[in-house]
Each structure stands twice: as structure tokens, then as C-alpha cells.
Amino acid sequence: MEKETTTVSQPGVLRFITAGSVDDGKSTLIGRLLHDSRAILEDQFAAVERASRRRGQDAVDLSLLTDGLEAEREQGITIDVAYRYFATPRRKFIIADTPGHEQYTRNMVTGASTAQAAVVLIDARKGLLPQSRRHIYLATLLGLSDIIVAINKMDLVGYDERVFLAIRDEVLRFGRGLAHSRVSFIPISASVGDMVVERGEHLTWWTGPTLLEALEAVDVSRSLLDLPPRFPVQLVTRPGLPPLVELRGYLGRLESGVLRRGQEVIVLPSGRGTTIRDIVSLEGSSEEAIAGDSITLLLGDQLDISRGDMIAGTFAPPSLTQSISARLCWLNTEPFEAQRRYLLRHTTRTVKARIRNIDARVNIHTLDRDQFVGNLAMNDIVHAQLALQQPIACDPYETNRATGAFILIDEVTNQTVAAGWID
Amino acid sequence: MNLAEEARVLDDAAGPRTLRTRTQLDWLESEGVHILREVAGECTNPALLFSGGKDSAVVLRLAEKAFRPAQIPFTIVHIDTGHNFPEAIEFRDRRVAELGVKLVVGSVEDSIKRGTVRLRRPDESRNAAQSVTLLETIAKYGFDACIGGARRDEEKARAKERIFSFRDDFGQWDPKHQRPELWNLYNARVNPGEHVRVFPISNWTELDVWQYIEREELDLPSLYFSHRRPVFRRNGLVVAVTHVTQPKEGEKIEELSVRFRTVGDMTCTCPVESDAVTVAEIVAETVHTRITERGATRMDDQTSDASMERRKKEGYF
Chain A
1 MEKETTTVSQ PGVLRFITAG SVDDGKSTLI GRLLHDSRAI LEDQFAAVER ASRRRGQDAV
61 DLSLLTDGLE AEREQGITID VAYRYFATPR RKFIIADTPG HEQYTRNMVT GASTAQAAVV
121 LIDARKGLLP QSRRHIYLAT LLGLSDIIVA INKMDLVGYD ERVFLAIRDE VLRFGRGLAH
181 SRVSFIPISA SVGDMVVERG EHLTWWTGPT LLEALEAVDV SRSLLDLPPR FPVQLVTRPG
241 LPPLVELRGY LGRLESGVLR RGQEVIVLPS GRGTTIRDIV SLEGSSEEAI AGDSITLLLG
301 DQLDISRGDM IAGTFAPPSL TQSISARLCW LNTEPFEAQR RYLLRHTTRT VKARIRNIDA
361 RVNIHTLDRD QFVGNLAMND IVHAQLALQQ PIACDPYETN RATGAFILID EVTNQTVAAG
421 WID
Chain B
1 MNLAEEARVL DDAAGPRTLR TRTQLDWLES EGVHILREVA GECTNPALLF SGGKDSAVVL
61 RLAEKAFRPA QIPFTIVHID TGHNFPEAIE FRDRRVAELG VKLVVGSVED SIKRGTVRLR
121 RPDESRNAAQ SVTLLETIAK YGFDACIGGA RRDEEKARAK ERIFSFRDDF GQWDPKHQRP
181 ELWNLYNARV NPGEHVRVFP ISNWTELDVW QYIEREELDL PSLYFSHRRP VFRRNGLVVA
241 VTHVTQPKEG EKIEELSVRF RTVGDMTCTC PVESDAVTVA EIVAETVHTR ITERGATRMD
301 DQTSDASMER RKKEGYF
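The listed protein sequences correspond, in order, to chains A and B. If you count the first sequence from 1, position 280 lands on 280 in this note's numbering, and the numbers rise without skipping. If you count the second sequence from 1, position 217 lands on 217 in this note's numbering, and the numbers rise without skipping.
Just so you know, the hints here were simulated from the structure itself, not pulled from any lab data. Virtual Cβ for every residue (Gly too), placed ideally from N, Cα, C. Please note: incorrect hints may appear among the correct ones.
[Unchecked claim] Covered stretches of chain B (chain A as the covering partner; in silico rule of three or more C-beta atoms under 8 angstroms from a C-beta of chain A): (1) 32-38; (2) 148-162; (3) 232-242.
[Unchecked claim] Below are the DMTMM-like pairs computed for lysine to aspartate or glutamate, each with C-alpha atoms no more than 20 angstroms apart in a straight line: (4) B:K102 to B:E136; (5) B:K113 to B:E136; (6) B:K65 to A:E283; (7) B:K65 to B:E216; (8) A:K352 to A:D278; (9) B:K65 to A:D278; (10) B:K65 to A:E287; (11) B:K140 to B:D110; (12) A:K352 to A:E287; (13) B:K140 to B:E194; (14) B:K65 to B:E273; (15) B:K102 to B:D80; (16) B:K252 to B:E273; (17) B:K176 to A:E334; (18) B:K65 to A:E288.
If we strip away everything but chain A, and leave its shape as in the complex, we get:
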């Protein structure tokens, strides 16, 4: 279709997380999405039928489709992020199935880091509990563009529209901190199958989309292409190989924006300017690259560029800094220790880092800044100041996730101990 080749690129993939506690029916919802979109095959379904019977359940328990690890099946809870796949004719979906318990905040942060949208489940009988609030806050903190609040178990409240509206208003009322995300609401029953993939027969008063239709409609492309170009250099090819006989090629993925042949660019941290001589895509020489493309750049000048450097547009370049102010989510079971040495990994660059000060603790129930006392321990989110041994070229996470995000690695244990996003 000609229209598709001349319009803004719609990515063929949407990544989203599902947040909600065990009792909100999250695993059932995912099972329902997979089952009704025909991503569950007969042998998988038969295995779940057998497992349901073994547990003495009458109906097939769709939640058994997703709990992958032995420990989870023993305890009946989800303890790690699991990834699920299904596709419709419109796009491919990757679900990060994240646990709902508070002690697994780090897993939700992990799942949300690669997602564009979140489906937050609320039990219609219980309304907006502190933990649903926490899920919505975390989704906004991680910069997800779309939050779909699915009010579940409508069958258990007689499919009453008033219950749905009351919960919707309650969520909208605490709307603080949601300014950067689009929030929408859908009444569903995951166990019956209403408004998930099929409309069902019970929610006749609902004229909005089904959950799947809402997911198909999430638009994520525009924001990334609209941003200034950011190209972290992954590797440098040696010259001498045809067709790059005299030139070095810079390998990497364009994380945001658009680059065109002939365009002026700046290389950081050196600050030197040059032009793009050619863009080699995976198919060969091309006129332009857009966010998400893995490419090789050939530049107009011979510059000293290596892995960890950033090539950016000359308009609104990233800031080059050795001191950052950021929010940190502590991921490790061992708390932060000031005398330990940490490495900061930002785009393709790794530098030594020190946490200079912890200013405040983020209250994930209110988003308030609480006074910081005690340890920085697993699942804590804090406001902190970091000092870096070498500068990084970064943007605020709010404007560019790829150049605003970092992780901290313990230099001795090699553990990934914290996730950070720059203010």
C-alpha cells in the first residue's frame, strides 16, 4: 500500500507490561489475551487442563499458562519477569509479565524499562488500593506513554457501570504525576472473557474499545522520531575493507530521531563537528536512518571516535556532564555501601561512579519526597547525586529514555545493583 510507505513509520512491535497483584487476576488476563488471540496452542492448553484438574479446579485456570518457574508454581505467585508473545494482523506484542507484590518493585521497574505501555489491573470489588496506585506511579516514573487501567472482575459486581465510573473517577482524582502519560480505562472480566479480545455479551453499556483494540491503537512512533538524533557508538570498524577502504565505519543503533546523508553532526565528548558521508543500513547504502535502525555511519572527517562516544544532531545536543542528579531504584539484595566502587553504564559507555548524596526517598504510594534515613536497600527509589570519573552525553530521562537511563554495576561482584534515570 502506497500510503504506508510515505507516512510515519508505525513500529510493528508494541512492548507492554501488566501490573497488578496475584488477586487482581493478572495471570488470568494474560492467559485470556493469549488464548483468545489464538497464541495458545493445543498441547499447551491440554497441559493447563491437566494441571487445573490436578489442583481440583473445575474450570481451566488460564493463569497456569504463565507461571513458568517451579518455585512460582509451588507458591502460586509470579516472582520474576516473564516475557510472552502474541500477534494480531496489526502488530506483534511482547508482554513483560511482572509481579505485583511490593517486594518485587524492582521487577516491575525492570519490565517497564523496555515497555511503551502498561496495563494496570484493578479489582472492581476492591477499588483503588495503595498497590494499584503504586503500579500507576511506577509506570509514570519509568516514562511509559500509555497507561491502560483495566477494571477487572466486572462479573463479580454485576457488570455495574456505576462501579466502573466510581473507580475511574478515583484514579483521575489522584492524577498527580500522570501528566506525561495518556491514561485510559476499560471494564473487563478476564475470567469470563469480556472486553479483553472479544466484546462478550455482558458489558453492553461500554462503547469504548476492547483491551486488545486499545493496545493495537497505542501510538509510539511519533515521539521517538520527533526527538533530536542520538547515536551511541557500539563499535568502530577498521579501515581497509571494501567498500570502506579509507574510512572507518561507526556501528550502532540510532536511538532517537532521524539522520540523513549530508547532515551535520557533533561527536561527544570531543565536541568536534562533522557531516554524515553515508549511512549503511543492514541492506546497504541508504539516504536516511530512523530511530530503531541498526546502521553503520561513515563521516566526512577523520576523527578519533571509539565505543562509548555519542554522535548527535547539532540542534539540541545532549549535555556533557560529570555530575548527575537522578532517581535510583536499588535492585540488589545487599544494600548500598558508600565504600564500594560502582560502574555506571549509560548507552554504550561505562564510567566509574560515586553516589555523592542521597537527597530524599521517593514515596511510591504518594510520589512525595520523604526524608532519607537508614539504608538504601532493595526496592527503594531515591533522589541522588552522582559524581562520574568521565563525562557522559545525556538527556533528561523524561525527554529521551535511551540517553537518560543508566544502570550501576558493583565493580567486585559484577552484579547490576541499581537502575537510574536522570532528572
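Take the given structure of chain A and dock chain B to it, following the hints.
Coordinates of chain B only, in the frame set by chain A:
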């Protein structure tokens, strides 16, 4: 504002331009290339596991595209159970010669001779024994990264696997204490003796793999396409007659049109009935299949709900 209007606003801001649509295959390919380039940037001695199967053929293609015109900067490794289909071995050697890359073969037969693999019966499946030989090969050559074609959609335990997955100095996977993996900031740091397994096609499904094979016109072993073959039936599966898989009493040999959906050790890989002789026909069959790839074809996954998880902890790919 609808999409067309949005496109116009964008065009006004940056001058006229045409943006080609990126499909899901473009997205997956770009992600896989990014991952392979990260391995080359972060690891000192990486290996790429190539069995001659379709998934590793896709990974090899991604590696080719990620680094060309330069050579693939990985040692190609194959763990040979000694019970591989000859078509897969022929294909492996042909691809390696075409790419001019170095091939290292770790042989389960050698592990048996060394006494590190002990089989209870001579005809016992050597599939699980591959883990021992793989770890021995990793140790012998000092690989700090091992790239493989495993996909998260294959199996429940794999659904929780990281893209860069840490293995301790016993080669073990600890699913409850995996390194968190955020954004696309992969942590490949290991101490001597440890390594990471890297899965660049984690996010691909069986259908994505076949569609990519179709788009890239990838060569595959002939086993993947429908052919006539003597088979017998066991536990609802079709089993090929080979020197290591013989019918027991009461199991009748018949000749059927079959193809393999996965190609692994002969003792545990089963074909499915199919008339698909082209990639396009296989894509069409994959769209309509009602049975999972491993469910239809693997004798070793059906022993228990957690058999893959247990094998993975032991170092299995």
C-alpha cells in the same frame, strides 16, 4: 490529529522526506544486530553456537549482517552428540566454509571417552549430555560469552531468561537470582571461569523465524522441507527410523511425507507430517498450526512440567 496529519506536521518541521515503514521483522533484526554488536564490544572471547538448525542459521545471518564487510568476530562452536542428522552436519560445514569463519566442534563422544559423560545404556539419548561437553568446550577455549539461538516463546522456563544470562564457574543458571536487565543496557561482566549466554533472538517466535528465513532467502538443511521418510509412531509422536531410533515390537514402520520443525539430536527430535516443500508453505503451516514447536517434536520435554528448567540449571542451552 490522525496519522496522516501528524506525518505532515513532521514533514513541515524537517523538510520533505519519505520514511519507509519498519515491519516487525525489521525491528527484531535491528535488535538482534544491536545485541551481537554489544557482545563484540563487551566480551573478549565470544563463541557463537551453530548447530545447523534454523534458529542458529538466523543468528548466523544476523552476525553476518551486523559486521559486514568485516568478518564475524566470533568463534563458531558446534556441540556434536554424534547422533546428528547428516543433512545438518553437511549444512553446518557448508555455511562455515562460505563465511570463512573458524569452527570448533566439541564432541560428546570425546566426553564419553574422557569419562565425564557416562551413559546408563549405550542407546540412551545424548541430548542432556551435551551440557557437559558444552561446558568443557567453553572451559577449554576460555570463552566468556556463548551466543545461542534460544527463544523465549519455546518453553516456559525460557520465558524468564535474560538476553545476557549469567553462568557461574560451574556453568550453572540460577533462575531465582538472575541479574536484572533494564532498557538495553546489558551487563556482560564476568570473572575468569564464568561466562554469559547471549540470546539475540529471544523475542522472536517460530513464525518470525520462518518469515525471516523467507525474506532473507536463507539456505537450510533439507530436513526442514517435506520429504518421504520411513517412520513409526510412539506416544503420539512420529519418530524417524534411524540407526539410533528403531521401532520396538508392535510399532509399525510406514513411509510418510514429513518435515522437521526443529533439528536436534536424532534420539529425541521428531518430524511432523507435512507436505510443505517451500519456505512459503511452511510459513503458511506455521500460521495455522495448533501444536507448539517443542510439543510436536521433542521427546525430552514431556517428562515433566519442569524438565527444561532443570536441564537449563545444569548448563543446557
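Now the hints, each set against the structure:
{"no.": "1", "hint": "32-38", "verdict": "holds (count 4)"}
{"no.": "2", "hint": "148-162", "verdict": "holds (count 6)"}
{"no.": "3", "hint": "232-242", "verdict": "violated (count 0)"}
{"no.": "4", "hint": "B:K102 to B:E136", "verdict": "18 angstroms, holds"}
{"no.": "5", "hint": "B:K113 to B:E136", "verdict": "13 angstroms, holds"}
{"no.": "6", "hint": "B:K65 to A:E283", "verdict": "8 angstroms, holds"}
{"no.": "7", "hint": "B:K65 to B:E216", "verdict": "11 angstroms, holds"}
{"no.": "8", "hint": "A:K352 to A:D278", "verdict": "34 angstroms, violated"}
{"no.": "9", "hint": "B:K65 to A:D278", "verdict": "17 angstroms, holds"}
{"no.": "10", "hint": "B:K65 to A:E287", "verdict": "18 angstroms, holds"}
{"no.": "11", "hint": "B:K140 to B:D110", "verdict": "13 angstroms, holds"}
{"no.": "12", "hint": "A:K352 to A:E287", "verdict": "38 angstroms, violated"}
{"no.": "13", "hint": "B:K140 to B:E194", "verdict": "13 angstroms, holds"}
{"no.": "14", "hint": "B:K65 to B:E273", "verdict": "34 angstroms, violated"}
{"no.": "15", "hint": "B:K102 to B:D80", "verdict": "16 angstroms, holds"}
{"no.": "16", "hint": "B:K252 to B:E273", "verdict": "16 angstroms, holds"}
{"no.": "17", "hint": "B:K176 to A:E334", "verdict": "15 angstroms, holds"}
{"no.": "18", "hint": "B:K65 to A:E288", "verdict": "18 angstroms, holds"}
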